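Residue strings, one per chain:
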Amino acid sequence: MTIEASTPSGERMTLNMGPHHPATHGVLRIVVESDGEVVATCTPDHGYLHRSIEKIGECVEWPMFVPYTDRVDYVCAMNANLAYCIAAEKLLQSDPANTFVVPRRGECIRVLVAELNRISSHLVAVGAMAMDVGAYTPFLHGIAQREGVNDIFEKLCGQRLTYNYVTIGGVAYDLYDTAIDEIRRFLDQFEREMVRFNKLVTTNTIFRDRCASVATVSAAEAIAWGLVGPNLRGSGVDFDLRRDEPYGIYGELGVQVPVGQAFAGRKGSVGDAYDRYVVRLLEILESIRLCRAVLELLPPAAAKANDPIGGWQADVGKQVKRPPKGEVHVRTEAPRGEMGYFLVSDGTKALFRVRCRTGSFTAAGIFHHVMRGIFLADVVAVIGSFDIVVPEIDR
Amino acid sequence: MTTDERPGNRADEQVHMAAVDEFLAWGKEHSLFYLLFATACCGIELMQAGGPRYDVDRLGMIPRATPRQADLMIVAGTITHKMAGRVRTLWEQMTEPRWVVSMGSCANSGGPFSKWSYSVLNGIDKYVPVDIYIPGCPPRPEALIDGVMALRERVKRYRTVGERDRTPYIVAGPEAPFGGHCKVPDFTAKKPDGGGGGSA
Chain A
47 MTIEASTPSG ERMTLNMGPH HPATHGVLRI VVESDGEVVA TCTPDHGYLH RSIEKIGECV
107 EWPMFVPYTD RVDYVCAMNA NLAYCIAAEK LLQSDPANTF VVPRRGECIR VLVAELNRIS
167 SHLVAVGAMA MDVGAYTPFL HGIAQREGVN DIFEKLCGQR LTYNYVTIGG VAYDLYDTAI
227 DEIRRFLDQF EREMVRFNKL VTTNTIFRDR CASVATVSAA EAIAWGLVGP NLRGSGVDFD
287 LRRDEPYGIY GELGVQVPVG QAFAGRKGSV GDAYDRYVVR LLEILESIRL CRAVLELLPP
347 AAAKANDPIG GWQADVGKQV KRPPKGEVHV RTEAPRGEMG YFLVSDGTKA LFRVRCRTGS
407 FTAAGIFHHV MRGIFLADVV AVIGSFDIVV PEIDR
Chain B
-8 MTTDERPGNR ADEQVHMAAV DEFLAWGKEH SLFYLLFATA CCGIELMQAG GPRYDVDRLG
52 MIPRATPRQA DLMIVAGTIT HKMAGRVRTL WEQMTEPRWV VSMGSCANSG GPFSKWSYSV
112 LNGIDKYVPV DIYIPGCPPR PEALIDGVMA LRERVKRYRT VGERDRTPYI VAGPEAPFGG
172 HCKVPDFTAK KPDGGGGGSA
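Chains as they are written, first to last, in my numbering: chain A, 47 to 441; chain B, -8 to 191.
Check before you lean on any hint, since a few could be wrong.
As the list claims (entries may be wrong) - Below, simulated SDA-like cross-link-like pairs (lysine to any residue); rule was C-alpha separation at most 20 Å, straight line:
hint: 1; chain 1: B; residue 1: Lys73; chain 2: A; residue 2: Met63
hint: 2; chain 1: B; residue 1: Lys117; chain 2: B; residue 2: Glu133
hint: 3; chain 1: B; residue 1: Lys147; chain 2: B; residue 2: Lys73
hint: 4; chain 1: B; residue 1: Lys106; chain 2: A; residue 2: Pro109
Hints in this document: simulated from the structure, not taken from any laboratory. All values reported here derive from a predicted model rather than from experimental measurement.
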């Protein structure tokens, strides 16, 4: 819905949203110039959470950078770990002398934790979006379910949020004894809960009409502005790195990719805020399926950690101390879209350059475009629907 | 046990024969409205603490969006140099009496970013006076509740006139109200200005 942004007086009012604002998901400042109720221009101001993580990557050794990747995107820290570790492994393997392979069980555990973390990340996304448009209860439902994933991860690696679990060459620990049962039980319980959640929010007429046709991004626009992940798929573009450029064991799993198709019906259009929301929900269901599929594939644990089938951690201790020269770019599918790491090594213990490409950055880049001409009250709904996490923008 | 006999419901516990000041402190202790202010990773744990499992609402802690309605500022997450001035502004907008809890290593001392980062402030206590320090990266919601329980003791002792208790308190070790799940060496005694005060 686009409204001509002009009133008879033509007066503009400048409104500062943030850096402290409950709906900006962190410390993002958005300068909105409004003309009455209609947004004329919108300028995001970044850098309030710039922690110089990329620069730190040039100061620390290769394995020491893994905890910092947690902090790049703390809502899906497993996926962030995974992206960096795959890039580092690829760079190490560019030297023919380094013949290690990540053990099969380790690869399965990686995909398992990545998909579990995708569930918990999307729960925050859909809950926070519902909260931004004025419904507090769905957020609490999302948080309550998130505790289930947190419990599993806490038993797995001792942390609830910043895991540092995926390492270069595998994962830090094997699954604990009752892990498979507990994950199965959680998935069953969670699937039932999702039905309730959909009854409460997704099929709710008020919520659907509130988000329908808000901030529509066409497929061509989404590609042109470099949107990635659920934001891209919400616009109807059928692209998912897990299926199209599979890494790990994703190639064997047959990932189904949901795309936006005007889920809001007559009032909606392809690529609106509601489509992005529904695509996230469908991805949660797909992640549940993938988790179950991985549990079927999981080989039994071997006695030794570096066993090529039943192990979980390859021996890379010597290799990371004498890494080869070279550069590599690896992209993976994180919950907020493509997360890519570009690493340059000059053969020393610390990397020469680390560049992290994240999905929220491009999502914030399209704000000034989609917010032109929408109502002021829709601004928070738009921010919520793009599911930005501020440290991903600022890093 | 009937309803009237339960602890907290007996008549002598309900009637507060005290000065107005003490009564006000009692009220403040049980309704610490906190500013919904989360910068980084600890903000997610703050959200979880507000969620159904930990439910800080039962302690009378309700998030407020504006600093003018808040008694307590929980600095949850990394504060960069660009953000620090804004935190000070937010703190100045809060009405007295106001309390500050520094949650997580980043707010305490810069945490993992203190050594190499050029843009992270090493400790928010350089900008606002901090009452309670909670270590952890991020702290568990239980640790946050520990910190809040320690703060409530302090709020109970608050009087409108007179000296205010400004001793920094670090939630760690067995003296924490819910009992030391986080064992740290005894560095509190050596650094009375707050062990998390930042070194740079």
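Going down the list of hints, with the structure as the test:
{"no.": "1", "hint": "B:Lys73 to A:Met63", "verdict": "holds, 16 Å"}
{"no.": "2", "hint": "B:Lys117 to B:Glu133", "verdict": "violated, 26 Å"}
{"no.": "3", "hint": "B:Lys147 to B:Lys73", "verdict": "violated, 35 Å"}
{"no.": "4", "hint": "B:Lys106 to A:Pro109", "verdict": "holds, 17 Å"}
This entry does not satisfy hints 2 and 3, going by the numbered hints stated previously.
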